[in-house]
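Student: Starting from the known structure of chain X, fit chain C with the ligand onto it as the hints suggest.
As they're listed, the protein sequences go chains X and C. Sequence positions in the first sequence follow our numbering and run 1 to 124. Sequence positions in the second sequence follow our numbering and run 125 to 395.
No lab work stands behind these hints: they were computed from the structure. All clues given are correct.
Now the in silico label distances, taken between C-beta atoms and shown as ranges:
{"id": "1", "chain 1": "C", "residue 1": "Glu154", "chain 2": "X", "residue 2": "Lys83", "range": "32 to 40 Å"}
{"id": "2", "chain 1": "C", "residue 1": "Gly195", "chain 2": "X", "residue 2": "Pro102", "range": "33 to 41 Å"}
{"id": "3", "chain 1": "C", "residue 1": "Asn149", "chain 2": "X", "residue 2": "Asn120", "range": "30 to 38 Å"}
Calculated cross-link-like contacts (lysine-lysine; reagent style DSS-like; alpha-carbon spacing at most 30 Å):
{"id": "4", "chain 1": "X", "residue 1": "Lys77", "chain 2": "X", "residue 2": "Lys31"}
{"id": "5", "chain 1": "X", "residue 1": "Lys12", "chain 2": "C", "residue 2": "Lys212"}
{"id": "6", "chain 1": "X", "residue 1": "Lys15", "chain 2": "C", "residue 2": "Lys300"}
{"id": "7", "chain 1": "X", "residue 1": "Lys24", "chain 2": "C", "residue 2": "Lys213"}
{"id": "8", "chain 1": "C", "residue 1": "Lys212", "chain 2": "X", "residue 2": "Lys44"}
Where a beta carbon is used, it is the ideal one built from N, C-alpha and C, also for glycine.
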Amino acid sequence: MKLLTHNMLSSKSLKGVVVGYPLKIEAYDVKVTEVEFNPEFIAKVIPKIDYSVLIRAAEYLGHVGKLPGHVPENVEKNTDFLKEVHHALLEVEVVKGDLVCPESGRRFPITDGIPNMLLNEDEV
Amino acid sequence: MSRPEHLAPPDIFYNEDEARKYTCNSRIIEIQTKMCERALELLLLPENESCLLLDIGCGSGLSGEVLEEHGHTWIGIDISRAMLDIAKKREVEGDVILSDMGQGLPFRAGQFDGVVSISALQWLCNLDNSKHGLRKRLDVFFSSLFACLRNGARAVFQFYPENDDQLNLLESAACKAGFSGGRMIDFPNSKKARKVFLVLMTGGVTTVPVDSLAQQSRCTVGKNMKNKNGKKDPLRGTRRDWIMKKKDRFRNKNKEVKADSKYTGRKRSRF
Ligand SMILES: C[S@@+](CC[C@H](N)C(=O)[O-])C[C@H]1O[C@@H](n2cnc3c(N)ncnc32)[C@H](O)[C@@H]1O
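Bound conformation, chain X alone:
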């Protein structure tokens, strides 16, 4: 699971859960794979993501690098910043771990990089 995905995942489909965001990460195995850098895409995605959630996740995984606490101005021209965001969003991957619902504590296991968001019938 990449941090871009984590930035969007919510457990609000669970019965009784209202926001279900952000899911807490508990990681046991993390890997980094190189992904082609596309500055336009990153610049476009930055306003959509929850930046503080990204920072916290990257920090926890030990990959915050030189990411500043806040999004700087004129990101389009700030290649260094875009590269850092690119790395955190797309190159860092949780291979094994858990995602934990902030409201109910329900755990969603991540195995072989695939988060299991399936619910039991009585949870829907």
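Tutor: Quick look at chain C with the ligand alone, frame taken from chain X:
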């Protein structure tokens, strides 16, 4: 011919064996690729821009690879662990999640620039539907789909509806969730080439009455599909597609039609 969705639920049907056979079959690869190309065309994304897309029922990533090739970043969900394991083994670029669309898409609001789904939606109406409460699953699915799309974005499904009732049911559930749009059929009169798409739009026309959705869809979709730069209309396809469709129609009526050739639909040069 029996329908796989009548045989077993999708997570059982697409086991390791089936997932492997599916992904290695060159004919399947070719068909899925073509249909995803078409779905991508129907999404009408801004030209030359990388977008963030969701692939529902992404399976082993055959459809997702088409999205990659067009420079998009994608996330996929699927209910079959075996299919997703193969996607991982094949090192697709997209990130994949094990999830059942009928339980609601697990995303926060307004994230995706578009959604494609190739050959998966008919599974949502599978044999266990009484147990699962089909209506509820459809409502949960379409409302979560509407929510996770960026305003103005589209979702395009290629799928194999079992009959007209099923198609109507899906359309009305989508409409109830706030979507406009509806069915779009390629090669409607050719049994072999016929392909059904459900083209759903957020924003735009919002007050389409439920029962007239089906009849209106063609023109609703058509209107919004007008291409700004006057390029080929992806809904109608190329001139050749149009001629081929017309020929198909004529053949169906047993009229005499010239054989297709590589020149079919080409402009002839005048001397
Ligand atoms: C024919 S395959 C298509 C896979 C891929 N889109 C392609 O073009 O090759 C249909 C896929 O839909 C998935 N599917 C069926 N029901 C589903 C559900 N309720 N939620 C998510 N995925 C589902 C199946 O597991 C299967 O991988």
